[in-house]
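Could you build the full structure based on these sequences and the hints that come with them?
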Amino acid sequence: GENVEQHPSTLSVQEGDSAVIKCTYSDSASNYFPWYKQELGKRPQLIIDIRSNVGEKKDQRIAVTLNKTAKHFSLHITETQPEDSAVYFCAASNRGPFYFGSGTKLNVKP
Amino acid sequence: DTAVSQTPKYLVTQMGNDKSIKCEQNLGHDTMYWYKQDSKKFLKIMFSYNNKELIINETVPNRFSPKSPDKAHLNLHINSLELGDSAVYFCASSQGGNQETQYFGPGTRLLVL
Numbered sequence: 080g081e082n083v084e085q086h087p088s089t090l091s092v093q094e095g096d097s098a099v100i101k102c103t104y105s106d107s108a109s110n111y112f113p114w115y116k117q118e119l120g121k122r123p124q125l126i127i128d129i130r131s132n133v134g135e136k137k138d139q140r141i142a143v144t145l146n147k148t149a150k151h152f153s154l155h156i157t158e159t160q161p162e163d164s165a166v167y168f169c170a171a172s173n174r175g176p177f178y179f180g181s182g183t184k185l186n187v188k189p
Numbered sequence: 080d081t082a083v084s085q086t087p088k089y090l091v092t093q094m095g096n097d098k099s100i101k102c103e104q105n106l107g108h109d110t111m112y113w114y115k116q117d118s119k120k121f122l123k124i125m126f127s128y129n130n131k132e133l134i135i136n137e138t139v140p141n142r143f144s145p146k147s148p149d150k151a152h153l154n155l156h157i158n159s160l161e162l163g164d165s166a167v168y169f170c171a172s173s174q175g176g177n178q179e180t181q182y183f184g185p186g187t188r189l190l191v192l
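The listed protein sequences correspond, in order, to chains A and B.
Each residue of the first sequence is one higher than the last, beginning at 80 in the working numbering.
Each residue of the second sequence is one higher than the last, beginning at 80 in the working numbering.
By construction, these hints were calculated from the structure, which means they are not laboratory data.
Computed, partial: chain A to chain B, Cβ under 10 Å:
#, residue
1, 113
2, 120
3, 124
Backbone N, C-alpha and C fix where the C-beta goes; we use that ideal spot for every residue, glycine too.
In structure tokens form, the structure reads like this:
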């Protein structure tokens, strides 16, 4: 089955700085890579996703890159704000369920 | 107009009991899932259903039995609850299963004493 590894497990940045979270996956057949944000006590919510036919996608302050050859993908958040503080999960999927990374707790200090 | 809903929100019960969690989606999606999030926040797929049929069962003990009466509902029944079953259980749904966004329910926090 798919194995997704995510780093770092915790990340602390100053407001306005950038944050980068990296994931690797094992199944070369995986073709969909979403990123979810989970605030304390809440449900995971999709913030951005990328499909295997695309190398990069951007949505305002958030961008995701995908390297299929190396089987890794990354989340980039620029100009971080305190409300970006949460746990971020990457996931990989091939026709169905998501296999999640272990999560990154992002703390943005004002 | 909640998209994916779950009941109950909290469930506290004794070891050995049987309990059910209900999930409903009003998005018209074909595929529904159950995920378990443990105390370390790991999110792991348990089951995947497409149009009321079980597609995936990811090495879940057979004490867990999903039931889908129609494609808008996917319930989870757990027999003989154990301490290790304590977790947050999330239901999710998507339109189809390939490269589709999954929408999560609010979660059911289960505590087994």
